[in-house]
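Chemist: Here's the letter readout for the chains.
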Amino acid sequence: MLIGRGRFVDDLPASGAVHVAFVRSPFAHADISRVDAAAARLESGVVAVFTGLESKDDLPSLPTAAADHWPLRLPLTPHRVRYVGEPVAMVVAGTKQAALSAAEAVRVDYEPLDAVVDPWAALEDSAPLLHPDFGPTNKFGEIHKVIGDPDRAFAAADRVVRSTVVVQRVAASPIEPRAIIVEPDLHGGTLTIWLSCQAPHTLRTWLSQILGMNEARLRIVAPDVGGGFGSKLNLYCDEVAVMWAARKLGRTLRWTETRTENLTAGVHARDQIHHAELAVGSDGRILGLRSHFVGDLGAYLHFFTPVVADLTIDTLTGNYDIPAVDIHLEKVFTNTMSIEALRGSGRAEATFVLERLIDEAAKVLDIDPPEMRRRNLVTPEQMPYKTPFGMVYRSGDYPALLARVVEMADYGGFRERQDARRREGRYIGIGFATYNLLCGFSPSGHDWNPMKQFPGHETALIRVDPHGSVRLISGLSPHGQGSDTTLAQVVADRLQVPYDDIAVEHGDTALVPYGGGTHGSRGAVVGGHAALLAADRVAEKANSVAAAMLEASAEDIVHEDGGFFVRGDPGGARLSWQAVAFEAHFLKGGPRFEPGLEATAFYDPPDVSFAFGANAAVVEVDIDTGKVTILDFYSVDDAGVVLNPAIVRGQIHGGIAQGIGQALHEEIVHDEAGQITTANFATYRLPTALEVPEIHTDMISTPSETPLGVRGVGESGTLASPAAIVNAVNDALRPFGVVLNRTPLRPSDIWEAIHPE
Amino acid sequence: MRMTLRVNGEAYELDPAPSRLLVHLIREDLGLTGTHVGCDSSSCGACTVLLDGMAVKSCTVLAVQAAGRTVETVESIAALDALSPLQDAFSRHHALQCGYCTPGFVMAATAYLRDRDPAAGVPDRMEVRRSISGNLCRCTGYQHIVDAIVAAAADGT
Numbered sequence: 001m002l003i004g005r006g007r008f009v010d011d012l013p014a015s016g017a018v019h020v021a022f023v024r025s026p027f028a029h030a031d032i033s034r035v036d037a038a039a040a041r042l043e044s045g046v047v048a049v050f051t052g053l054e055s056k057d058d059l060p061s062l063p064t065a066a067a068d069h070w071p072l073r074l075p076l077t078p079h080r081v082r083y084v085g086e087p088v089a090m091v092v093a094g095t096k097q098a099a100l101s102a103a104e105a106v107r108v109d110y111e112p113l114d115a116v117v118d119p120w121a122a123l124e125d126s127a128p129l130l131h132p133d134f135g136p137t138n139k140f141g142e143i144h145k146v147i148g149d150p151d152r153a154f155a156a157a158d159r160v161v162r163s164t165v166v167v168q169r170v171a172a173s174p175i176e177p178r179a180i181i182v183e184p185d186l187h188g189g190t191l192t193i194w195l196s197c198q199a200p201h202t203l204r205t206w207l208s209q210i211l212g213m214n215e216a217r218l219r220i221v222a223p224d225v226g227g228g229f230g231s232k233l234n235l236y237c238d239e240v241a242v243m244w245a246a247r248k249l250g251r252t253l254r255w256t257e258t259r260t261e262n263l264t265a266g267v268h269a270r271d272q273i274h275h276a277e278l279a280v281g282s283d284g285r286i287l288g289l290r291s292h293f294v295g296d297l298g299a300y301l302h303f304f305t306p307v308v309a310d311l312t313i314d315t316l317t318g319n320y321d322i323p324a325v326d327i328h329l330e331k332v333f334t335n336t337m338s339i340e341a342l343r344g345s346g347r348a349e350a351t352f353v354l355e356r357l358i359d360e361a362a363k364v365l366d367i368d369p370p371e372m373r374r375r376n377l378v379t380p381e382q383m384p385y386k387t388p389f390g391m392v393y394r395s396g397d398y399p400a401l402l403a404r405v406v407e408m409a410d411y412g413g414f415r416e417r418q419d420a421r422r423r424e425g426r427y428i429g430i431g432f433a434t435y436n437l438l439c440g441f442s443p444s445g446h447d448w449n450p451m452k453q454f455p456g457h458e459t460a461l462i463r464v465d466p467h468g469s470v471r472l473i474s475g476l477s478p479h480g481q482g483s484d485t486t487l488a489q490v491v492a493d494r495l496q497v498p499y500d501d502i503a504v505e506h507g508d509t510a511l512v513p514y515g516g517g518t519h520g521s522r523g524a525v526v527g528g529h530a531a532l533l534a535a536d537r538v539a540e541k542a543n544s545v546a547a548a549m550l551e552a553s554a555e556d557i558v559h560e561d562g563g564f565f566v567r568g569d570p571g572g573a574r575l576s577w578q579a580v581a582f583e584a585h586f587l588k589g590g591p592r593f594e595p596g597l598e599a600t601a602f603y604d605p606p607d608v609s610f611a612f613g614a615n616a617a618v619v620e621v622d623i624d625t626g627k628v629t630i631l632d633f634y635s636v637d638d639a640g641v642v643l644n645p646a647i648v649r650g651q652i653h654g655g656i657a658q659g660i661g662q663a664l665h666e667e668i669v670h671d672e673a674g675q676i677t678t679a680n681f682a683t684y685r686l687p688t689a690l691e692v693p694e695i696h697t698d699m700i701s702t703p704s705e706t707p708l709g710v711r712g713v714g715e716s717g718t719l720a721s722p723a724a725i726v727n728a729v730n731d732a733l734r735p736f737g738v739v740l741n742r743t744p745l746r747p748s749d750i751w752e753a754i755h756p757e
Numbered sequence: 001m002r003m004t005l006r007v008n009g010e011a012y013e014l015d016p017a018p019s020r021l022l023v024h025l026i027r028e029d030l031g032l033t034g035t036h037v038g039c040d041s042s043s044c045g046a047c048t049v050l051l052d053g054m055a056v057k058s059c060t061v062l063a064v065q066a067a068g069r070t071v072e073t074v075e076s077i078a079a080l081d082a083l084s085p086l087q088d089a090f091s092r093h094h095a096l097q098c099g100y101c102t103p104g105f106v107m108a109a110t111a112y113l114r115d116r117d118p119a120a121g122v123p124d125r126m127e128v129r130r131s132i133s134g135n136l137c138r139c140t141g142y143q144h145i146v147d148a149i150v151a152a153a154a155d156g157t
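These protein sequence lines are chains A and B, in that order.
Taking our numbering, the leading residue of the first sequence gets 1, the next gets one more, and so forth.
Taking our numbering, the leading residue of the second sequence gets 1, the next gets one more, and so forth.
The set of hints was computed from the structure by calculation and includes no laboratory data.
As the structure is a computational prediction, the values presented were derived from the model and not from experiment.
Cβ coordinates follow ideal geometry from the N, Cα and C atoms, glycine included.
Just so you know, not all the hints are guaranteed correct.
[As the list claims (entries may be wrong)] Not everything, but these chain B residues come out facing chain A in the computed CB check (under 10 Å):
| id | residue |
| --- | --- |
| 1 | G31 |
| 2 | G38 |
| 3 | S43 |
| 4 | Q97 |
| 5 | Y100 |
| 6 | S133 |
| 7 | Q143 |
The task is simple: from the sequences and hints, build the whole structure.
Modeler: Below is the structure:
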């Protein structure tokens, strides 16, 4: 990547490939009355134009058996569009320019229907109905969990805090847009797809079913992938259209989306509105938590769409000991793009709601915010601690994490500095939040496992070559997480082979045993243990080869300092790793063992993983412009045993930067007609190096109950950061009596709150 | 329009359409795919190259505007057998994760470092942040990128 030799899908050569452009609905809800591709088909360079209307009997429907009772759709919509950007036709042409030009020449006549974009409005009986065949309302489902006696808790509480908390809709925005190359071999019946994705095996399983082909004949290769963050885990209808068209034409097709397509026709995330309440005693103890919230699904369901908000329910009490909860979630269709997984999905929303309620409660009780948290954090003495939702916290010191971040932020001196600034007419604030990251997806034995279409295990194949070099083939699909490095470290350590002698490969379903991909903070905790298990098996085989060579029994072989010798005789015969590897393949000593030195492991994690931490943000709010400047950001994280500090820090920094974007800058905005008004990077504002401050990190390492002692970390930075920042803004604006319970806090939001009309 | 330009030290004679963007000429006509496209509003900087030594977003430069001029892309920065000191600093400081935005940062930072007075010593981190404020990264949170550029500058690059 540094020298410009990355192999991202759009960088790859594809001989004879022709290009695709899509015709997409400009309406959020409309019927298609006419499609006329005649003029487009005549344009120079055009190979074919496919429309949903003309091809509806030929197009595959998706998803297939992915889940029960999901509304089905075709990759090119024939009759009714349900979100702006929904594809209705595609052009295949010799050049990108010719495809784009011809796409503009496709005429589609629409009869617009009323659209509904607001999820609460979509629940009403009078709302436009998105899926009449599916049911009488737009409600897809609901969950209502009541644990303990929340009614009594709220009745008995000294104070009750009520807040409407809004977490906005965002877009993952990897800097590499989605890209695909599809190469069919009609005679051989195979299909090779280069796809910027995070889980090639899973996608292959479902795509082979959708395309009606033998799974073994479908090969998916994830080459270099320029970020995913959960948005490249899916069966996208436009990608499926490219696959279908490639097979139909018997030609290699390639398509790379534009950024505008990524922001409008790529999946979205978050988007929850909570009517939440916290019941507290005057001593600061939290007695109960209630929330009635809506989870906007969008118009169609992708893999995680229906379960993202389930994660919010199951993690809503965070690190705190809250005995009574009443959580009611309603899931609803709207005329928007689907909500899907995004780094921290479901859990970041939960953390934001909880941490805002805690701060508001601290305010009404006049208790210092860190102290309010201290009084309610689950302590090590309470562990193993079972949350109301059945999660078991076995280890970790949450009060210590909070104390450390309070110390790092120099909270002791902060209030004086704040007062001094206020006297100068300047408003600084500090905000705290803690997080508990449920991750390491996913164990087959866990009661909670909403990801029905995804395997939870991970694989590793370790292959030792005759000269002793090691190849590790992992079922992970890293795209920046540094797994190549950390997995090699695990194997190097276990096999006592130099790190530089280990090559790591992944991403090609033709090469890699069936794995789960990279998402949900599972790389080290699931992928790492798969690699360790495979390494254990290779080490055992190497031992028995060495035993045969040394004419001893395997139990008497010691593997130390990269060599093998007989126990009790360290000065005697000693075999190098290379000698053992060679003999394992060439059997010069005769038939003493099965040849080869390789092993495959499929690792089903025994439990989910938890990582935890605390953040503090110090901000200054310009009350004339509403602009928030983050002066400092502090993060204390417990990711268990840290395999590689730089990589772990990098994950934390990146997650925090996304949290900053969520807190202050990013929002997918729809107008009432369902048009997205933030459809490019000029309007959908990712934080730059000027919006992300210096991030001060520290780590506390509590080993997890696994052989490597690791925990997840990929998503950690996203969970508490928006809450810490918004708590800091509220703290800064306390003299104005302003309460802000939403993200993002744009300058206009803050200015209007300070200067109400 | 027929034109000549120098790219990475080599002279080319090309005939791009007037509307062709420089980034597409670089990637598709010259096969130099290190320079990337990440947006369609001149916002992300993944397409940054040096045009007569100045960092520009090649998605916002027409190919014909480069006529008679010199272009340097990320492929020209490393020597055959060694990374540039800046690239080496990126590697040592873990300043890239997915690597997609990295060529843009390498070019923007290369221009920044070339334009700096090497005797100026360790740069102010805010100044470094301003120099890369036209480049978006979604993976790193910028911290390690700033570390790498500061380190490369401090080494007198």
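Chemist: If a hint holds in the structure, say so; if it does not, say that too.
Modeler: Here is what the structure says about each hint:
| no. | hint | verdict |
| --- | --- | --- |
| 1 | G31 | holds (8 Å) |
| 2 | G38 | holds (4 Å) |
| 3 | S43 | holds (3 Å) |
| 4 | Q97 | holds (3 Å) |
| 5 | Y100 | holds (3 Å) |
| 6 | S133 | holds (5 Å) |
| 7 | Q143 | holds (5 Å) |
Against the hints set out earlier in the document, no violation occurs for any number.
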